[in-house]
Every structure is written in structure tokens, then in C-alpha cells.
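Asks: Sequence:
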Amino acid sequence: MTVIYFDWLDYLVFGAMLLFSALIGVYFAFFASKKQNTTAEYLMGGKTMGMFPISMSLIASYISGISLLGLPAEMYTYGTQLWTIVLSEWAVSLTIAVVYLPVFYNLQITSTYEYLRLRFSQNVRLLGSIIFIIKMLLYIPIVIYVPALAFSQVTGINLHMITPIVCIVCIFYTTLGGLKAVVWTDTLQTVLMYFGVVFVLAYGTWRLGGVSNVWEINKRGERLDFLNMDLDPTIRHTFWSTVFGNYFSWLASCSVNQAMVQRCLALSSLKRARITIYIMAVGLFIIVSLCCYTGLVIYATFATCDPLSTGAIRKSDQLLPYFVMTITGSIPALPGIFMSGVFSAALSSMSTGLNSMCGVIFEDLIRPAYNKPISERTASFIMKITVVIIGATCVALVFLVEHMGALIQAGKSLAGITAGSLLGLFSMGLFLPWINATGALTGGVASTLLVGWISLGTQAAMIRGEIVVAPKPVSVSGCPVNTTLPTTVASHLTVEFDRSGTFFLYRLSYLYYTLVGMIVCIIVGSVVSYFTQPNDPAMVHRDLLTPVIHRWLPEQHPHCRRPRLTQHDIELHARELEQLRAHATYNKTGGPPEADPRNNNY
Numbered sequence: 001m002t003v004i005y006f007d008w009l010d011y012l013v014f015g016a017m018l019l020f021s022a023l024i025g026v027y028f029a030f031f032a033s034k035k036q037n038t039t040a041e042y043l044m045g046g047k048t049m050g051m052f053p054i055s056m057s058l059i060a061s062y063i064s065g066i067s068l069l070g071l072p073a074e075m076y077t078y079g080t081q082l083w084t085i086v087l088s089e090w091a092v093s094l095t096i097a098v099v100y101l102p103v104f105y106n107l108q109i110t111s112t113y114e115y116l117r118l119r120f121s122q123n124v125r126l127l128g129s130i131i132f133i134i135k136m137l138l139y140i141p142i143v144i145y146v147p148a149l150a151f152s153q154v155t156g157i158n159l160h161m162i163t164p165i166v167c168i169v170c171i172f173y174t175t176l177g178g179l180k181a182v183v184w185t186d187t188l189q190t191v192l193m194y195f196g197v198v199f200v201l202a203y204g205t206w207r208l209g210g211v212s213n214v215w216e217i218n219k220r221g222e223r224l225d226f227l228n229m230d231l232d233p234t235i236r237h238t239f240w241s242t243v244f245g246n247y248f249s250w251l252a253s254c255s256v257n258q259a260m261v262q263r264c265l266a267l268s269s270l271k272r273a274r275i276t277i278y279i280m281a282v283g284l285f286i287i288v289s290l291c292c293y294t295g296l297v298i299y300a301t302f303a304t305c306d307p308l309s310t311g312a313i314r315k316s317d318q319l320l321p322y323f324v325m326t327i328t329g330s331i332p333a334l335p336g337i338f339m340s341g342v343f344s345a346a347l348s349s350m351s352t353g354l355n356s357m358c359g360v361i362f363e364d365l366i367r368p369a370y371n372k373p374i375s376e377r378t379a380s381f382i383m384k385i386t387v388v389i390i391g392a393t394c395v396a397l398v399f400l401v402e403h404m405g406a407l408i409q410a411g412k413s414l415a416g417i418t419a420g421s422l423l424g425l426f427s428m429g430l431f432l433p434w435i436n437a438t439g440a441l442t443g444g445v446a447s448t449l450l451v452g453w454i455s456l457g458t459q460a461a462m463i464r465g466e467i468v469v470a471p472k473p474v475s476v477s478g479c480p481v482n483t484t485l486p487t488t489v490a491s492h493l494t495v496e497f498d499r500s501g502t503f504f505l506y507r508l509s510y511l512y513y514t515l516v517g518m519i520v521c522i523i524v525g526s527v528v529s530y531f532t533q534p535n536d537p538a539m540v541h542r543d544l545l546t547p548v549i550h551r552w553l554p555e556q557h558p559h560c561r562r563p564r565l566t567q568h569d570i571e572l573h574a575r576e577l578e579q580l581r582a583h584a585t586y587n588k589t590g591g592p593p594e595a596d597p598r599n600n601n602y
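This note's numbering puts the sequence shown at residues 1 to 602.
Among the hints, a few may not be true.
Stated by the list, open to error - Calculated lysine to aspartate or glutamate pairs in the EDC-like style (CA-CA distance at most 20 Å, straight line):
#1 Lys271 - Asp543
#2 Lys472 - Asp225
#3 Lys472 - Glu222
#4 Lys472 - Glu216
#5 Lys271 - Asp7
Unchecked claim - Computed Cβ-Cβ distance ranges for the label pairs, DEER-style:
#6 Lys219 - Ile130: 46 to 54 Å
#7 Trp453 - Trp206: 47 to 55 Å
#8 Tyr27 - Thr304: 28 to 36 Å
#9 Ile389 - Pro554: 34 to 42 Å
#10 Leu137 - Leu231: 35 to 43 Å
#11 Ile165 - Leu449: 34 to 42 Å
#12 Val26 - Leu227: 46 to 54 Å
Because the hints were derived from the structure by calculation, they are not lab data.
For each residue, glycine too, the CB sits at the ideal point set by N, CA and C.
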């Protein structure tokens, strides 16, 4: 089969995407009316961001290149059961808006993990911050590597060349432009991502004769599988694991994630933040559904000549780039637009990760280590250097990931190692006022260790061949006569799981990892708190607890102190008062001073 690569127009489109992303960073660094030289501007966008760019940024942040390439491959290889994850996303959005967001917005914290200090102690805050940093350092290299591999396939360029170039552009605009540059480049990249996916699936559907034909071919190929109601938690994907199990996984990714909270607090009111969450839910529902449907289009196209069986590709993750280049490669610029969309998803995830990690490292690790106040100029410089260092670290880790194939397979389950413990820590703080700092710390550590053991043990069992996930049947009956075929195609002779000797927890579906981690964290935290003098609920300030449980709590003790402000909060508040006085003085001759609504936060 003829290998089709990018032409000059495709390279032009891809290069234009990188150029515009870099120019956005330059604009916010040097030409915007408000420069990115304060922590409020650099990390929070001055709390003046609009709902549209924030919504687009959140969508782009949570749909990575792994999703764009992995979801179609999942539909092609294992069927449509994973598509039902979209059902849990609506429930998660409602939970965030009602339960979690009001607390964070009321406290006006720059780092999510500052909450853990206010509710428990500095040590718990440090634990949460370190878990988050580890999570992002594991996640970002995989996010970059997967689309780089796809780009290498469609261009013939070695990924060792393309990865540093693309990452340097991302580090450049993230370092210079702060949150505003990240958000607006995410907006540009989201539009590209949607356009690329829609164009490819629309053209593919048209070639096949319409949606009904695509659906019928997939039905004959046993791909349509939405309602597997088996309650066995060891089955990889069932209705219960994709809806109920994924609810907690998605809740951990959104509700207590630094990137999510940082963007929501960049808006001017809680109402606008809630609307943004709902817009994000709609956008994610659409893009996930489009990606899943693309998988059905790919299967319908190759239903009688599976490219994996013929050796045209080596891994299922290469199905989508292969489909794009073989089916739409003749259309000028379309492959370039599509790969720009895939890389846009990766860049937005990387820039979001860099910006949020920068906020956590500075606010939770660097600032507390200083015994004296840090000037805004110094803080801005430190944060930009931090972005460069962690960005360079992630680029270096991309080359390590290339030699660790098991890590690619383990991407989602690795996230579950940290997600469950973080969700458990925050949920204990918000819902269970009697949990003390010792209980929270012990629960977080125990949860991380247990789920880490399960996840790594599962990957080891898969490498040994003790756990095998059976793909759906494929066919090579329609391949051209000159195609070299293997002697046997045994993919549909595989048993779903070898249940005889493998440890039960190693066979647990990865979608339950976050739920298991959260439950362990809460149980251990509750037991340890009980034996180490639990908190008096009346002495825990209501600002630290979700409004959902206020009605069931005892009356707050009159001596209960409001959450203490950090030195940074005191400095920020002093600056706001100074600006308010200056504003009032300026208006003395022209009219009465206007009230600054930000003072209502304190």
C-alpha cells in the first residue's frame, strides 16, 4: 500500500497553528493593556476573563490528544460501551456547581490545595500538592507523546525532532502570557479540534452513504454495545463502570483539580463560573460523542480489511491518522487541519498543566518557604522560571515514555492512583467536619499506596499475559488480492479475562480505581480521627464546609475562627484597599467613589 505523507499545504496549516499560538503569548506579554507581571494577572487573569474563552479552555484541557486518538480506537477495537461515559459528565457538572465550587469561590484561593491548609494543616496541603505534581508529571509526557507518534506517522518526521519544537512553542506562550494566553490559545485550539474532527467524520460518513449505513455495518460487526448490565466489577467496561465508576473518576479530574478551580476563579462571579461549567459539559458531550462516532466510521470503512491484521499499522492508536491519510489525504490541507486539531488538544492539555503546576509550586511550596513577603515583580519572575523548568522536564520525560510501552497502556489507571486520594481528602474536608489533620494525612497516604499497588500490579499482570482483554472480531475478507495476510486472525478467539489465578484486585476495572481510592481514604481518615481526638463540628467554620450539609450541622460555636488568611492574602487585600482609596481620591471631583465588589470577599 502506498504511504501518503503531508504535502506543503498541510505543513503550512500546522505551522500557522503554532505561529498563532506563539503570537497570542507575545500579545499578552507585551501589547495587552494589563501586563502579566502580578500573580493575580499571571495565574488568575485578573479575575476578568469571559465565560466563552474559559469554557473553551476547559474543554480543550480535558480533551487531550489521547482522547482524540484513543476514543476512536476504543470504538473500533472493543465496541461502544465506553461511549456511555458522557452520561456521567452531566451529573459531575451539577455536583461541581452545587457542592464544590461555592466553597472554593467563597475562599478565593489561588491554589486548590490552600483549602487543605485552611481545613486541616500545612502537612496535608503539602501532601495534596505533591500528589498533584506527580500526577501531572506522569500525565503531560503521555499527552504529548501520543499525538507526536501520530504526527510522525503522517509526515515521516522523527518524533525526536517534532516533540521539542512543539513543546518549546507551548512553553513559550505559557511562560510569557500566563493564564490569559493559555485560555485564548486553548480557544483557538478548541475551534481547530472541533473543525478537524467534524470535517473528517462528515467526509467519511458521506463516502459510506450516510449515518444509517455506518450504523448498520457496525451492528453487523458487533460494535454496538451500550447496555452491558453485568455487575461484575472485573469486566473492563460495563454500563455500571462507565457511568457510575467514571462519575468518581471524572469528579476527581474536575472538581478538585487545580486547572478547573483556577479557571473558574478567574471569572468575576460564582453565577458566571457555574454557567461556564454547564457550557463545558455540553462541549465535552459533543466532542466525546464525535470522537466515538469517528471510531464507528473508521470501522465501517475498514470492516472487511482490518489494517492491524494486514500490517498497515502496528497499534490501534494509529487507526485515526491512517484513516485520515488514506481516505482524505487527497483533499488539500485537510490532513494538516486534522493533525493541527490533534496537536492542539495536546498543547492545550500541556499548557494548562504547566500553568496550574506553576500555581501550585509557587503558592504551596515556594511562597511558604519565604519568611518575608515576595514582591509581585519577583513572584512573576519566579513563576516564569518555574514554567520553563517543569516544561523542560516534561519534554525530557517524553523521550523516557517512548521506551516504556506499558506506561502508555497504563495512562488512565495511573491517573487513578492520585485521583482517588485527592478526591477523598477534599470530600472529607467538605462533608465530614469531625475528620482531623492526622486522619486526613493518614487516609491520603494509605489510599495512594493501595491504588498504586493495584494499578502497577495490574499492568504487571497484563504484561505477563495473565489478563487479556478480548477485542471485537475483525475481517480481512475484502482486502485486495495482492495484500499479504497473516496465516490466522485469532483476535476473536481470546477469552475476555483469565479469572482462574489472578488476584481479584488486579482484575478490577480501571474505572473503579478512583472510587476505591476515595473510599479507602475516607474510611482510614475516619478511623484514625476517631482514635486521635476528632474535631468538634461546631468549631469548624462553615466557610470550609459545602453548603449542602449546613442544615444538618450543629450551631457554629461563637469562638470558631474564620479561616486564617495567608501572608499572600494579606498583601493582596492591602493592595486592593490601596487601589480602592486611589480610585476614590480620583473620583472626588468627578463623582462619588464606586464600591469595589471584590471587598465583599473578606
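Asks: Decide, hint by hint, whether the structure agrees.
Replies: Comparing the hints with the structure gives:
{"no.": "1", "hint": "Lys271 - Asp543", "result": "holds (18 Å)"}
{"no.": "2", "hint": "Lys472 - Asp225", "result": "holds (11 Å)"}
{"no.": "3", "hint": "Lys472 - Glu222", "result": "holds (7 Å)"}
{"no.": "4", "hint": "Lys472 - Glu216", "result": "holds (16 Å)"}
{"no.": "5", "hint": "Lys271 - Asp7", "result": "violated (47 Å)"}
{"no.": "6", "hint": "Lys219 - Ile130: 46 to 54 Å", "result": "holds (48 Å)"}
{"no.": "7", "hint": "Trp453 - Trp206: 47 to 55 Å", "result": "holds (49 Å)"}
{"no.": "8", "hint": "Tyr27 - Thr304: 28 to 36 Å", "result": "violated (51 Å)"}
{"no.": "9", "hint": "Ile389 - Pro554: 34 to 42 Å", "result": "violated (48 Å)"}
{"no.": "10", "hint": "Leu137 - Leu231: 35 to 43 Å", "result": "holds (36 Å)"}
{"no.": "11", "hint": "Ile165 - Leu449: 34 to 42 Å", "result": "holds (39 Å)"}
{"no.": "12", "hint": "Val26 - Leu227: 46 to 54 Å", "result": "holds (51 Å)"}
Of the hints listed earlier, those the structure fails to meet are numbers 5, 8, 9, in rising order.
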